[in-house]
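Engineer: Those protein sequences? They're chains A and B, same order as listed. Start counting the first sequence at 7; every next residue gets the next number (the numbering used here). Start counting the second sequence at 5; every next residue gets the next number (the numbering used here).
For the record, the hints were derived by calculation from the structure and aren't laboratory data. Each hint should be verified, as a subset may be incorrect.
Facing chain A, according to a computed beta carbon distance under 7 Å, are these residues of chain B, among others [stated by the list, open to error]:
# : residue
1 : I23
2 : I30
3 : F31
4 : L66
5 : P67
6 : Q69
7 : G265
8 : A287
FRET-style restraints, in silico, Cβ to Cβ [as the list claims (entries may be wrong)]:
#  : chain 1 : residue 1 : chain 2 : residue 2 : range
9  : A       : E236      : B       : A140      : 16 to 22 Å
10 : B       : A33       : A       : P293      : 27 to 33 Å
11 : A       : R41       : B       : L182      : 47 to 53 Å
12 : A       : D18       : B       : L20       : 51 to 57 Å
Where a beta carbon is used, it is the ideal one built from N, C-alpha and C, also for glycine.
One letter stands for each residue in the lines below.
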Amino acid sequence: MTTTDVEAFVQDIRATGPQPAGPWKVAARRLRRNRTAMAALVVLIVIAVVSLASPLYAEHVARTDPFVSNVGGTTIVDGGRVDVLQESGGLGLGVTPIGPTWDVRHYFLGADNEGRDVAARVLYGGRNSLAIAFGAAFGCFLIATSFALVAGFFGGAVDEVISRGMDLIWAFPVYLIAISISTVLLTQNLELGPIELGSDSLILPMMIIALIFVPYVFRPIRGQVLAVREQEYVRAAIAQGASNAWLIRREVLPNVLPSVIVLLPLVTAINILVESGLSFLGIGVQPPAASWGSIIGDGQGLLYSRPWVAIAPGIMVVLVVLALNILGDGVRDALDPRTKLRVER
Amino acid sequence: MTVFLVRRLVWTAFVLFAITVLTFLIFFATPGIDPAAAMAGRNTDPATVESIRRDFGLDRPLPVQYTMMMKRMFVDRDLVSYTNRGVQVLPQIKAAAPVTLSVVLGAAVIWLLLSTLIGIAAATFRGTVIDPLLMALGLVALSTPVFWLGEVVNLLTQSRFHDSLLFSWVPALGYTPLTEDPLLWFRHLIIPWIVLAVGFIGLYSRVLRSSLLEVQNEDFVRTARAKGLSERRVMVRHVLRMSLISFVSLFGLDFGALVGGGAVLVEVVFGLPGVGSLIFRSASGLDLPVVMATVIYAAFFIVLANAVVDVVYALLDPRIRLGRTQTA
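Chain A on its own, in the form it takes in the complex:
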């Protein structure tokens, strides 16, 4: 233990009286003291709040509907009224959307090919990107942790079947499986019994991304379950006649939960990257809805004339993924100080 850790420990005891703080409280306190991680968390919260406020921005500030095309529209630049789509110079073929005005009320980041406000679309896109990434991460962890608990706890043939199944998905190329499932599902609606999912539903990309990463989360957690299963306190509980369900819920799950939580921000970060990649290829979020990836895709054709359409959403992706990775490092250090001590010894 370093001196600061000892001090922190003493402070913990003083703060809570004779009872030492539980491991979760200690971890939370350690995370709060990590300035870089806290800064990352603030960036995440700001981006999430701003994205959630996208309808407010579109209705009250930019006064535009970013989901209908506005080809004949006009806006105000420097007090004068101009067309959103302007005649291209040179040969005069086609039109070029207006570039960034850097005026939050009038096409702050310019317009896309259909005359829609890019700034408003980036905000709405953020909402979709974040919803899919976080939703997929939770879905993925729910599935992976359930399977890991069952496989690791019961072992034997059950473990063999589940683990081999996971190996199988692991051997499947990630982008290939995503591309295959997306293209099939995007042409028609998926029917699962009474539930019918339209191809424009956010649930589809969420499910696809959640599924392809299940084996990546399953493997480390199953390893943890196997280790916890052999601990003396679990044997003691078995000796006392505890049921399997009780053992999994009260002994195994709480002890593998830290590993699950450490992985969560990192997997969410990867999800953001995968979602943007799929949407960029046109097989994630479907138009007229937007996500950061699909806006970068929209901007591909305008890259040399109006680069901000593609650059702006990309900056958002980098910011969010960076913040999630930093937060993930912070959470890991907070929950498992041993890794830090081992590295810094």
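We have chain A; now place chain B onto it with these hints.
Structural biologist: Structure of chain B alone, referenced to chain A:
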């Protein structure tokens, strides 16, 4: 050891078989999905859908359809595309594979070299400003979407600064085979290589650094120092060698995934007609034979990479090697 190899071989064959079945089921048996209607496109009249269904044998039972397709792929080797009737599938993959291999191999050389250097530099200069700086850069690199980076680089090299001395050598987006013009091949690929490598450099240098620092505390490193070996020899022969284990397993999986179509985003952004582009194009057109054949090709690389990783593991770590020969 023989038992181990045989078991490994049987499992590999089973994985490949299961992957073909899975891909087949994704396209033909997803609830609510009618492959004939999907191939016909939206808003097609029922008669056309029916004729497509009969033409492609989609009205036959699923196992029959699956066997027919596998037979044409492996036995007759004359599988043809659905959307471009008459175009054979295997030559398409044969044409696309060298492009992807060129892209991935070049990028791999760059990212292995640079990440090893950066990882060692960061571990060596720990406690100075260099270490956190390199690691922060690495974090930014691995947080950047590769296709966006490609677009930004295209903007700079193809448009904004294309006429400047710096980037006037950059050819228009596309690909030239190595055998045709090696120099042009290199000029086409050097930028995609760097763009693809950036994220991996970030990830690998971070992984290598933390693994180097961890291994430095192992007993065998103390022994090596106690033997009086030079610090450099300890670093290269003992610490780096052990650290390369996590590095190698990561590399095997990433390399397999990239060769097997994971490079699709870079290929699309830079207009390279590789395997990723092929899958993407054929999947969009629901060109099932092409997708099936490519998925099998891709899975083959990934499964192969897994097997190679296991062997290299054993070569690098005497503990694993000896342990395995004893048990097998």
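Engineer: Are the hints correct? Go through all of them and say.
Structural biologist: So, going through the hints one by one against the coordinates:
1. I23: holds (6 Å)
2. I30: Given a least distance of 5 Å, the restraint on B:I30 holds.
3. F31: Holds. Min distance 6 Å.
4. L66: With a closest approach of 15 Å, the B:L66 hint is violated.
5. P67: The hint is violated - B:P67 has no Cβ within 7 Å of chain A, the shortest such distance being about 20 Å.
6. Q69: violated (16 Å)
7. G265: OK, holds: B:G265 within 7 Å of chain A, min 5 Å.
8. A287: holds (4 Å)
9. A:E236 - B:A140: 16 to 22 Å: violated (39 Å)
10. B:A33 - A:P293: 27 to 33 Å: At roughly 28 Å between Cβ atoms, A:P293 and B:A33 fall inside 27 to 33 Å, so the hint holds.
11. A:R41 - B:L182: 47 to 53 Å: holds (50 Å)
12. A:D18 - B:L20: 51 to 57 Å: Holds, since A:D18 and B:L20 (Cβ atoms, about 55 Å apart) stay within the stated range.
Hints 4, 5, 6, 9, counting from the list given before, are not met by this structure.
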